[in-house]
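As given, the protein sequences belong to chains A and B, one line each in that order.
Read in order, the letters of the first sequence correspond to residues 2 to 322 in the working numbering.
Read in order, the letters of the second sequence correspond to residues 382 to 646 in the working numbering.
Treat the hints loosely; a few may be bogus.
[Claimed, not checked] With a straight-line cut-off of 30 Å between C-alpha atoms, the simulated BS3-like cross-links for lysine-lysine are: (1) A:K83 / B:K445; (2) B:K550 / B:K445; (3) A:K136 / A:K281; (4) B:K493 / B:K525; (5) A:K83 / B:K633; (6) B:K525 / A:K307; (7) A:K83 / B:K493; (8) B:K402 / A:K83; (9) A:K307 / A:K290; (10) A:K83 / B:K525; (11) B:K445 / B:K457.
Bear in mind the hints are in silico, worked out from the structure with no lab data behind them.
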Amino acid sequence: MSILALLLSALSQGMIYAPMAMGVFIAFQVLNTPDLTIDGSFVAGMCACAVVTIAGHPGLALLCSLLVGAAAGWITGMLQTKVGINPILSGILTMTGLYTVNFVLLGGQSNLYLQRMELNSVGAQTQVASDTVYKSFRTLMIGLSGNRRFDSNLSALILTALIVAAAAAILAMFFFTRTGMAIRATGDNEQMVRSSSINADRSRILGIMISNALVAFSGALLCEQQRYADLNFGSGMLVVGLASVIIGQVFFGRRSVTLGIVSAVAGSLVYRIILQVAYKVEMPSYAVKLLSAVIVVIALSIPRVKRLIAERRAEREEDAA
Amino acid sequence: MSSLSLVGLQKTFEPGTPNAKVALDRVSLEIADGDFITLLGSNGAGKSTLFNAILGKFRLDRGKIILDGEDITRLKDYRRAYHIGCLYQNPLLGTAPNMTIEENLALAYTRKASRSFFAVNRRDTAYFRDLLRELHLGLEDRMKTRMGLLSGGQRQAASLLMATIAEPKLLLLDEHTAALDPATAEQVMALTRRIVAERHLTCMMITHNMQAALEVGTRTLVMDSGRVVLDVAGEERAALSVPQLLEMFQQKTQRSLDNDRMLLG
Ligand SMILES: Nc1ncnc2c1ncn2[C@@H]1O[C@H](COP(=O)(O)OP(=O)(O)OP(=O)(O)O)[C@@H](O)[C@H]1O
Ligand SMILES: [Mg+2]
Numbered sequence: 002m003s004i005l006a007l008l009l010s011a012l013s014q015g016m017i018y019a020p021m022a023m024g025v026f027i028a029f030q031v032l033n034t035p036d037l038t039i040d041g042s043f044v045a046g047m048c049a050c051a052v053v054t055i056a057g058h059p060g061l062a063l064l065c066s067l068l069v070g071a072a073a074g075w076i077t078g079m080l081q082t083k084v085g086i087n088p089i090l091s092g093i094l095t096m097t098g099l100y101t102v103n104f105v106l107l108g109g110q111s112n113l114y115l116q117r118m119e120l121n122s123v124g125a126q127t128q129v130a131s132d133t134v135y136k137s138f139r140t141l142m143i144g145l146s147g148n149r150r151f152d153s154n155l156s157a158l159i160l161t162a163l164i165v166a167a168a169a170a171i172l173a174m175f176f177f178t179r180t181g182m183a184i185r186a187t188g189d190n191e192q193m194v195r196s197s198s199i200n201a202d203r204s205r206i207l208g209i210m211i212s213n214a215l216v217a218f219s220g221a222l223l224c225e226q227q228r229y230a231d232l233n234f235g236s237g238m239l240v241v242g243l244a245s246v247i248i249g250q251v252f253f254g255r256r257s258v259t260l261g262i263v264s265a266v267a268g269s270l271v272y273r274i275i276l277q278v279a280y281k282v283e284m285p286s287y288a289v290k291l292l293s294a295v296i297v298v299i300a301l302s303i304p305r306v307k308r309l310i311a312e313r314r315a316e317r318e319e320d321a322a
Numbered sequence: 382m383s384s385l386s387l388v389g390l391q392k393t394f395e396p397g398t399p400n401a402k403v404a405l406d407r408v409s410l411e412i413a414d415g416d417f418i419t420l421l422g423s424n425g426a427g428k429s430t431l432f433n434a435i436l437g438k439f440r441l442d443r444g445k446i447i448l449d450g451e452d453i454t455r456l457k458d459y460r461r462a463y464h465i466g467c468l469y470q471n472p473l474l475g476t477a478p479n480m481t482i483e484e485n486l487a488l489a490y491t492r493k494a495s496r497s498f499f500a501v502n503r504r505d506t507a508y509f510r511d512l513l514r515e516l517h518l519g520l521e522d523r524m525k526t527r528m529g530l531l532s533g534g535q536r537q538a539a540s541l542l543m544a545t546i547a548e549p550k551l552l553l554l555d556e557h558t559a560a561l562d563p564a565t566a567e568q569v570m571a572l573t574r575r576i577v578a579e580r581h582l583t584c585m586m587i588t589h590n591m592q593a594a595l596e597v598g599t600r601t602l603v604m605d606s607g608r609v610v611l612d613v614a615g616e617e618r619a620a621l622s623v624p625q626l627l628e629m630f631q632q633k634t635q636r637s638l639d640n641d642r643m644l645l646g
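For reference, chain A alone in the conformation it holds in the complex:
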């Protein structure tokens, strides 16, 4: 593959995972609460999308994934606020339960391809690939450009980028409405939100719902792009999301929610470029998760390392004086 093709593929993947990174940003940094539902809601989005796409509604499938993700988030939110279960355990419980839901959605198998059986003209059963939003959009691009060999990666990237840009803009705006601001404040100082006569539980639940809806949406985009859903695709997704968010913040910081959202998208793109480079130097694909974990560990240890270095320097200066 040429460098350009590699870059295209990396950007295309990065865009698909960008909503997930935004979801992780909302959970971990806006709400300031770890949420392990994410691994499960990613797959739930995939599975719901696969079922509805095969039924012939690829656009509706994306909307369904949002609802499924929001429902998963609602359960985790209720467990955290109304039942009072610790956030990490709440997420694990929902994620574990979701495994069964996802299994049932896939019709009792561990993966599902976006195709269905049809009778062809001579009356034999054949597999027909389901329509996806990516397929329709490529047809549209071919029509617009008149180029019958319009790059499918490029058309996928354009479509996903448009969707992600719209989602990011809506999200950024939402965080400046009263409801959105209450969610931010709940992550910052929940006590103060209650003192302002705002139902902090409701804000928290809504925040978790939005976060998981975005994560499930990523799963759905991936499902339509790769044309299959896989029950085990979600494991470690949370760490991938965190790595993206943290990488993005190296470039854009997190001084405001808007910058945080931009960082999440940018981080997702950069993360996929890093992976492409790693594959290029023959890193085996199973090493991806270790790489993600190492990136997160390094990023999270930077503040402490910086402080240690500063302390050492101060000590040395004291000794010298």
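On the provided structure of chain A, position chain B with the ligands as indicated by the hints.
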């Protein structure tokens, strides 16, 4: 008509254990509209617990709380906050550090603000700027500054503004100047008196400064072991000195009033 009635408030923490602690023991009080009450008491007397009961932070074992004719005993804490403003000793509790001054005020104002798509809007911001200007801390020019960058005193002043911005029926102040340096504490206290007077707020203030307790406000209560043991107002209070108050407490409880943060003057 009284503004706040507390009827036989009773609360035991960890009942049925060796740690059982009667924190409120049949507290009954009538607080009139416009009263400014100062509340004194030893460590662990139950002052903060009384506030938390009014704020709905826990369920009472027994008793009733009636605010302006409405029984709020069973109301959730955030619903009561619609009518009750509160301020704690720790300036960090009242504000969201990663949001701007403007956003903090807008959030507190949500209770009474008219509908708008964005929480921060020109009309409200103009109002907030006027309010901030009255603090004389120069905050009106720093409305886009993150709250976390302000000093403790500035944050407490902003919190006071937030607690009163929605015209509460009751304002509760729990040693809200105790964590500030003396000069700043003085400033915040002066501000408190001004805001309470200007807006005719009904207010209860816990303090450990006995002199201030007798000077500020209209009525002074002293708590001990979960009960209100002294209640002075009017001429009796005006004529009372700190040593006389200590003496009264001694006679009533056979103990001396004693608090690790207590200031006599
Ligand atoms: N949530 C709780 N669980 C158990 N015991 C509590 C709880 N809250 C308060 N108490 C106990 O109730 C008693 C009254 O505490 P409270 O905080 O009301 O005292 P205070 O008068 O405000 O004292 P201080 O002047 O030190 O602030 C104390 O013995 C305290 O240990
Ligand atoms: Mg107290």
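Quick rundown of the hints versus the structure:
Pair hint K83 of chain A plus K445 of chain B holds up; C-alpha atoms about 25 Å apart against a cutoff of 30 Å. Restraint check for K550 of chain B and K445 of chain B: satisfied, since their Cα atoms lie roughly 17 Å apart, inside the 30 Å limit. For the suggested pair K136 of chain A and K281 of chain A, the alpha carbons sit about 28 Å apart, so the restraint of at most 30 Å is met. A threshold of 30 Å between alpha carbons decides the hint, and for K493 of chain B with K525 of chain B the separation of about 22 Å falls inside it, so the pair holds.
At roughly 45 Å between alpha-carbon atoms, K83 of chain A and K633 of chain B are farther apart than 30 Å, so this suggested pair is violated. A threshold of 30 Å between alpha carbons decides the hint, and for K525 of chain B with K307 of chain A the separation of about 29 Å falls inside it, so the pair holds. A distance of roughly 27 Å separates the Cα atoms of K83 of chain A and K493 of chain B; the hinted pair therefore holds under the 30 Å criterion. For a cut-off of 30 Å, the pair hint linking K402 of chain B to K83 of chain A stands: about 27 Å separates their Cα positions.
Distance hint between K307 of chain A and K290 of chain A is fulfilled; the C-alpha atoms sit about 26 Å from each other, no more than 30 Å. Among the hinted pairs, K83 of chain A with K525 of chain B is inconsistent with the structure: their alpha-carbon atoms are about 35 Å apart, more than 30 Å. Distance check on the hinted pair: K445 of chain B and K457 of chain B sit about 14 Å apart at the alpha-carbon level, within 30 Å; holds.
Comparing the model with each earlier hint shows violations of hints 5 and 10; every other hint is respected.
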